[in-house]
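Using the sequences and the hints, build the whole thing.
Protein chains in written order, with the numbering used here: chain E, 1 to 122; chain H, 1001 to 1230.
Hints were generated in silico from the structure; no laboratory data involved. Errors might be hidden in some of the hints.
[Unchecked claim] If you want a taste of the chain H side facing chain E, the calculated C-beta under 7 Å gives, among others: (1) GLY1051; (2) LEU1055; (3) PRO1058; (4) VAL1059; (5) LEU1061; (6) LEU1063; (7) ALA1069; (8) ARG1072; (9) TYR1073; (10) ASP1107; (11) LEU1167.
[Said to hold, decoys possible] In silico DSSO-like cross-links for lysine-lysine, where the CA-CA straight-line distance does not exceed 30 Å: (12) H/LYS1045 to E/LYS111; (13) E/LYS95 to H/LYS1120; (14) E/LYS26 to E/LYS81.
Bear in mind the structure is a predicted one, so any value in this text is a computation, not a measurement. Ideal Cβ placement from N, Cα and C applies to all residues, glycine included.
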Amino acid sequence: MSMVLRIALMIVSVLTLWYTARKIRKSQLQIEDSIFWMAFPAALVILSVFPGIANWAAERIGIQSPVNFIFLAIIFILILKAFSLSIRLSQLDVKIRALTQEIALRERLEKEQEGESGKAAG
Amino acid sequence: MRLLIVIPAYNEQENIERVVDNLVEHYPQYDYLVVNDGSRDHTGKICRERGYRFLDLPVNLGLTGAFQAGLRYADRLDYDMAIQFDGDGQHDPGYIGAMAEKMAVEDLDVVIGSRFKNEKKPFGLRMLGNQMIQLAIKITTGATIKDPTSGMRLFNRTMIQEFARNLNYGPEPDTIAYLIRGGASVQEVQVQMRERIAGESYFNFRRATEYMIRMCTSIILIQWFRKRGD
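Here it is, written out as structure tokens:
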């Protein structure tokens, strides 16, 4: 791994950490959601400080260049993240749908009950 | 026998009065429910002013969510049957009687108001999608549904509950395919449909193609992973 790449990784990771921390401070991100954005750049910092890890891992799984191992790992983690976000989105969609339906249903059923009690009284 | 006509309506201000007034005037034996799917035009206002029975969804959910809202209403009020009915005047309520009778006599789960049960499907680009989806259903279930894209479908009490309480039950051909594979009985009754009178059809060529691809993919690939009856 070249020195330039190591420094670049470090700078970008630190910036990401700083940005995530800022979002938490401004209450724009839930703690649960921030954990990933803290852990992921932290791992990149470790990889850039100790290039031996990437060298060793690349050799173990037969990747010629350690930098390719870094890319592969990042892509893999981001795909997992995208998938889990997609699931979250699906679940949110279901919840919003249920809430919307429930609001309209309650409004309707209340109205009908009022109508019925009105009729009974009259 | 209580039957609810569920009319999902999104921006149907030009059609909704004609459709509902026709039902109220000529078909008082059926209950109806308009589901205003967060329309941005005057659909909701018209329903309120005319005193229609309607659900007012605060945001737009799309056909699946709107129809499901209607079926949840049918479920809570214990309707025996519910029919999916277009808000644009394409469907003729005159056929509901025959569909309900077939359902009752043959104890069916779903009855589709079909344009092509006895009449030949016209050949052409417009019907290509319909034909493809028919083929996909034939391959995966063995059943022949001659008008899978018909939007006029009658559901019995079991189906009302299933649609109201579950995820991935859109009122679309892929759900029909899934139900058939899960053992539901689905039959067709010949009906005539009108061209829409006012407003613009949702389906242009691109959307129709996308719809066909989505349905075929869903029927052929995705529906296998589902398990019915959990």
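Verification of the supplied hints:
Because the beta carbon of H/GLY1051 sits about 10 Å from the nearest beta carbon in chain E, more than 7 Å, this interface hint is broken. With a cut of 7 Å, the hint placing H/LEU1055 at the interface with chain E holds, because the nearest CB-to-CB distance is about 4 Å. Interface restraint check for H/PRO1058: the shortest CB-CB distance to chain E comes to about 6 Å, inside 7 Å, so the restraint holds. This hint holds: H/VAL1059 has a C-beta 6 Å from the nearest C-beta of chain E, less than the 7 Å allowed.
The interface hint given for H/LEU1061 holds, since its Cβ lies 6 Å from the closest Cβ of chain E, which is under the 7 Å cut-off. Evaluation of the H/LEU1063 hint against chain E yields a violated restraint, the C-beta minimum of about 12 Å exceeding 7 Å. Evaluation of the H/ALA1069 hint against chain E yields a held restraint, the C-beta minimum of about 4 Å falling below 7 Å. Annotation: H/ARG1072 was flagged as interfacial toward chain E, and the flag holds, the nearest CB pair being 6 Å apart, inside 7 Å.
For H/TYR1073, the interface hint holds, since its Cβ comes within 7 Å of a Cβ in chain E; the closest pair sits about 6 Å apart. The interface hint given for H/ASP1107 is violated, since its Cβ lies 29 Å from the closest Cβ of chain E, which is over the 7 Å cut-off. The beta carbon of H/LEU1167 comes within 6 Å of a beta carbon in chain E, closer than 7 Å, and the hint placing it at the interface holds. For the proposed pair H/LYS1045 and E/LYS111, the alpha carbon gap of about 16 Å is at most 30 Å, so the pair holds.
Using a Cα cut-off of 30 Å, the hinted pair E/LYS95 and H/LYS1120 is violated, with the two alpha carbons roughly 43 Å apart. Only pairs whose Cα atoms come within 30 Å are accepted, and E/LYS26 paired with E/LYS81 is accepted, the gap being roughly 23 Å.
The structure shown violates the earlier hints numbered 1, 6, 10 and 13.
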